[in-house]
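Visitor: So that you can map any letter, position 95 of the sequence shown is 105 in our numbering, and since no number is skipped, the others follow by simple counting.
None of these hints come from the bench; they were simulated from the model.
A couple of the hints might just be wrong.
To be verified - Distance windows between CB atoms, simulated:
#, residue 1, residue 2, range
1, GLU78, SER42, 21 to 29 Å
2, ARG164, ASP94, 25 to 33 Å
3, THR27, ASP65, 37 to 45 Å
4, ASP140, ALA52, 36 to 44 Å
5, GLU138, SER91, 15 to 23 Å
Glycine included, C-beta positions come from ideal geometry on N, C-alpha and C.
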Amino acid sequence: MSNRRGASLIELLVVITTSMIVVGLAVAMVRSLLVANRTAEAHLVRSDTVRRLCDSFRSYVRAASAAECVQEGDAMRLELSLADGRQVVFRAAEQAVVRTESDATADHRREKYSLANGCVARFETHAENDATTVTLVIVQTPSRANTGPSREFRAEATLDRDRRFVSKGK
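Produce the complete structure using the sequences and hints provided.
Guide: Structure, rendered in C-alpha cells:
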C-alpha cells in the first residue's frame, strides 16, 4: 500500500454534503425560533395592552359618580362622569378601545388600546342595592373555523368605590 496525501473527490463530496445538511437544519431552526419569538412578543404586547386598559378602566370607573352605556351601531361607548366635572368616554369597536378624557371646554387626553384580531369589546352596567357595577367584556372569537369556542375576559369595577370612605364636609 502506498502513502496517500490528501482526500479523494468522493470523500470531499461526502463532507460537503454532510456540512450542507447541518447548515440547512441550523437555518431552519433559527427561522422557527425567530417566528416563535415574534409570536411571543406580539402576545406579550397584547397582554400588556389589555392589562393597561383594565387598570385604566377600573380606576376611572371607581372615581366616577355616574355611568351610561350607549350603543352606536356596531360600536359601544361608556360615558363616565367624574366628580371634578371631567368626563371620560370609552369607545369600543372591533379590535380597539379608545379612551377620551375631557372637561367642559375640550378633550385633554386620548389613548387607544389595540386588541388582538377577532376581539370585540363591550360594556355592561348592573345596579344592585346602592352600588352600580360596570363591566368591560372582551370577547375573542377563534381565527379559524372549528378551532374551539370563543374566549371571554371580564374586568369589573364598582362606581364611586374609591371615594366611599372620604369624610364629607366640616
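Visitor: Tell me, which hint numbers fail for this structure?
Guide: Going through the list in order, the structure violates hints 1, 3 and respects the others.
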